[in-house]
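Residue numbers (numbering that gives the first Met the number 0), protein chains in the order written: chain A, 0 to 346; chain B, 0 to 339.
Incorrect hints may have been included.
What the simulated footprint calls covered on chain A by chain B, stretch by stretch (three residues with Cβ under 8 Å from a Cβ of chain B suffice, anywhere in the stretch; the number is not a length) [claimed, not checked]:
1) 60-70
2) 130-139
3) 162-171
Here are a few chain B residues that sit away from chain A, every Cβ distance over 12 Å (derived from the structure) [what the hints assert, rightly or not]:
4) A65
5) A148
6) L218
7) A243
8) R279
These aren't lab readings, by the way, just hints derived from the structure by calculation.
Positions of the beta carbon are idealized from the N, C-alpha and C atoms, including for glycine.
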Amino acid sequence: MTTLAVTAPAGRRFGIGAIVLIITGLFVLLCLAAIAFGSTWIPLETVAHVILGGGEKTEKLVVWQLRMPRVMAAAIAGAAIAFSGYLLQRITRNELASPGVLGVVDGAALGVVLFLAIFSNESNSLTVSVAWQPLAAAIGALTAISLVFILSGRQSSSAIRLLLFGIAIAAVAKALTTVFMLIGPIYQAAQAARWLAGAVNAISWSEIQIMALCLVPTVLVAGWLAKDLPPADLDDVSSRSIGLNLPVYRIAVFFVAALLTSIAVAFVGGVGFLGLIAPHLARLLVGRARFAGILASMLIGAMMLIGADLLVRVAFTPLEVPAGTVTAIVGAPYFLFLLMRKDKTNG
Amino acid sequence: MVSTLAMSPRSPGLRLGLPQVYAGLILLLALAMLMSLTLGYKIYSLDQVWMAFFAHDGSETAVVIAGLRLPRALIAPLSGAALGMAGVMVQTLSRNRIASPDTLGLNAGASLAVVVASIMFGVQSLAGLSLAAAFGAFVTAIVVFGVAASAGGLSPLKIVLVGVTFASLSHAFVEVLLTSNEAQLQQLLFWLSGAFVDRPIALFYNGLPVVIVGGVIGLALSRALDALQADDSTAAGLGVPLGAVRGLAFVAVALLTGAAVSMAGPVAFVGLVVPHAARRLVGLRHIHQLPAAALFGGVYATLADVAARFVIYPVEAPVGAITAVVGAVVLLVLLMRRAA
């Protein structure tokens with residue numbers, strides 16, 4: 000491993016740094032653009048001015064209360080889901096793995112819908128703080144991924160098995176979600192339906208705070224775990240021989256990945272295909288470099304969700320089309336393309 | 000080949016002859032349909048049902064039975080039969096026991112076609128929408144099989160991944176179309192909810208000939224389908240024209256799925272569960288698998304519809320939620336048995 004790093008040409012390493020810098024630049028530009036665009040156009044320099052503390056009252060209101068929360072939520076959630084996808088693809092050594100396919104997203108959704116159904120009163124308001132919502136999502140997601148593990152049994156190291164059981168668990172969770180949406184109060188069902196489709200529109204600063212507070216430690220743990228990720232071309236036996244306790248390590252990575260996704264999903268809903276595509280594009284851009292890969296995945300994930308939200312805002316206003324539909328419409332064909340391409344290279 | 004299939008393993012616990020199996024299924028179906036007519040928010044006696052049909056006196060009871068209960072007592076078994084037969088053929092074509100119109104995205108494709116036809120082309124007639132549903136199912140079948148085949152063979156994982164992906168793609172498009180055309184939302188939710196309640200009886204008369212045509216095509220292909228259960232070269236060696244059989248079978252699957260979706264919307268996982276039951280009852284020969292799947296599908300859908308009236312009584316649950324839960328559990332059991 001170290002030899003690889005030493006022998007890597009300096010130009011290539013500089014290249015990765017430059018690419019990450021360019022992605023970061025694009026990310027900042029997209030954030031500014033997402034704040035500038037909307038029902039009224041706010042010039043970019045005004046946006047910058049307001050962010051730095053200036054601006055008039057209405058401009059401040061629009062930027063800080065209406066647009067900024069959406070952009071922030073999309074950025075944080077997109078980055079978390081992308082990181083989760085990166086971890087899952089690396090640990091299963093399968094580029095088709097993602098939080099969605101492994102049942103994590105639907106498990107989290109079931110947790111949230113149960114939470115909404117159980118803790119709401121006659122007047123359709125929550126009886127407990129919304130801060131508990133990520134806990135419900137996490138419990139749902141962890142239950143789902145544990146079931147996937149338990150059911151795959153001894154073959155849990157086989158990515159194919161995990162994926163098949165993930166799809167089945169996702170189907171079960173989806174079915175139960177439908178049932179509980181029907182049993183719960185009608186208003187909650189409508190709320191849940193909008194949320195399930197994945198939308199960042201109605202998010203508030205306090206929710207963003209909770210999301211960020213939950214995510215920061217999780218991301219740190221995930222980053223600490225990620226430094227031990229076995230190289231992509233190393234099989235189980237070789238990984239063990241270089242001193243990795245694979246079964247325990249693998250479970251830890253799966254759980255952290257599930258946590259990352261579930262916290263994001265708790266606030267922005269079921270955003271499809273993000274966790275699948277962002278790590279892919281990152282790999283295309285920066286290759287197998289680990290921390291550059293993670294950083295690029297997170298930035299790309301954030302940009303995808305910001306972009307999707309921007310698109311639905313600009314193209315469909317005043318309708319509230321959920322951003323999740325855009326990620327699905329872009330993501331599904333890309334996934335199919337991957338499926339078709341993968342087997343050509345494998346013969 | 001055919002004779003080996005005839006002796007093929009049927010469930011060892013069930014040593015019923017074929018006539019008994021069919022008689023039993025028909026009896027169950029009749030019973031389920033009677034339950035569908037009598038049980039519900041209000042429970043009617045057989046006398047009242049008889050009255051409603053043969054001595055309709057315009058009373059509320061008679062109106063409810065003939066106008067509300069009868070359509071669902073007819074549409075539920077017909078949809079179940081269509082999805083059951085479609086499931087049998089899809090599982091044979093893909094040689095994949097976890098394939099079904101749902102896991103392959105056919106239901107979702109049919110729903111999308113209905114929404115597109117209604118919103119973008121202004122189709123309003125029931126016949127037109129039924130046609131759109133069949134067309135959507137057909138196109139999705141071709142695309143899913145095509146993509147999966149070019150992605151390196153029809154392995155269970157590949158074909159299900161492609162199908163699930165297409166389903167989420169269709170759902171996303173449906174979501175966009177519906178949110179941008181709220182006027183038609185209510186009317187279309189009718190198609191998309193997956194339920195037998197409040198369907199006009201005209202849908203039954205529209206669907207019946209389509210299901211019959213699909214079923215007859217399936218039966219006509221039954222020998223070729225038997226051979227396809229082995230691998231392609233065996234089937235070709237037995238003189239089966241592979242391309243023609245696959246194409247015709249696709250048409251049959253599309254007609255059956257389209258008819259079911261146009262009558263009841265996407266009722267989840269019926270096409271996954273029913274073929275397994277049918278194979279346990281009558282073995283692997285399609286000449287028996289298809290009729291058994293039709294009958295059992297009818298019983299299953301009708302009973303699920305009756306159950307839907309009681310699980311959250313007095314409110315009615317959509318039958319799709321019930322079949323989804325049952326189907327998802329069956330899917331898990333099937334996967335675990337493969338793993339063992």
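Check, residue by residue, whether the region 130-139 of chain A contains three or more positions whose beta-carbon lies closer than 8 Å to a beta-carbon of chain B, and give the verdict.
-> violated (count 0)
Does R279 of chain B sit more than 12 Å from chain A, CB to CB?
-> 20 Å, holds
With d taken as the least Cβ-Cβ distance between A148 of chain B and chain A, does d exceed 12 Å?
-> 10 Å, violated
Report holds if the minimum CB distance from A243 of chain B to chain A is greater than 12 Å, and violated otherwise.
-> With a cut-off of 12 Å, A243 of chain B remains clear of chain A, as the shortest Cβ separation is near 26 Å.
Take the region 60-70 of chain A, compare each residue's beta carbon with every beta carbon of chain B, and decide whether three or more fall closer than 8 Å.
-> This one is violated; 0 residues, fewer than the three required, reach chain B with a Cβ under 8 Å.
Taking C-beta pairs only, is A65 of chain B more than 12 Å away from all of chain A?
-> 28 Å, holds
Evaluate the condition: distance from the CB of L218 of chain B to the nearest CB of chain A exceeds 12 Å.
-> 31 Å, holds
Quick one: see if chain B covers the region 162-171 of chain A, three-plus residues with Cβ-Cβ under 8 Å.
-> Three-residue rule met by the region 162-171 of chain A, so holds; n is 8.
Hint violations for this structure: numbers 1, 2, 5, all remaining hints satisfied.
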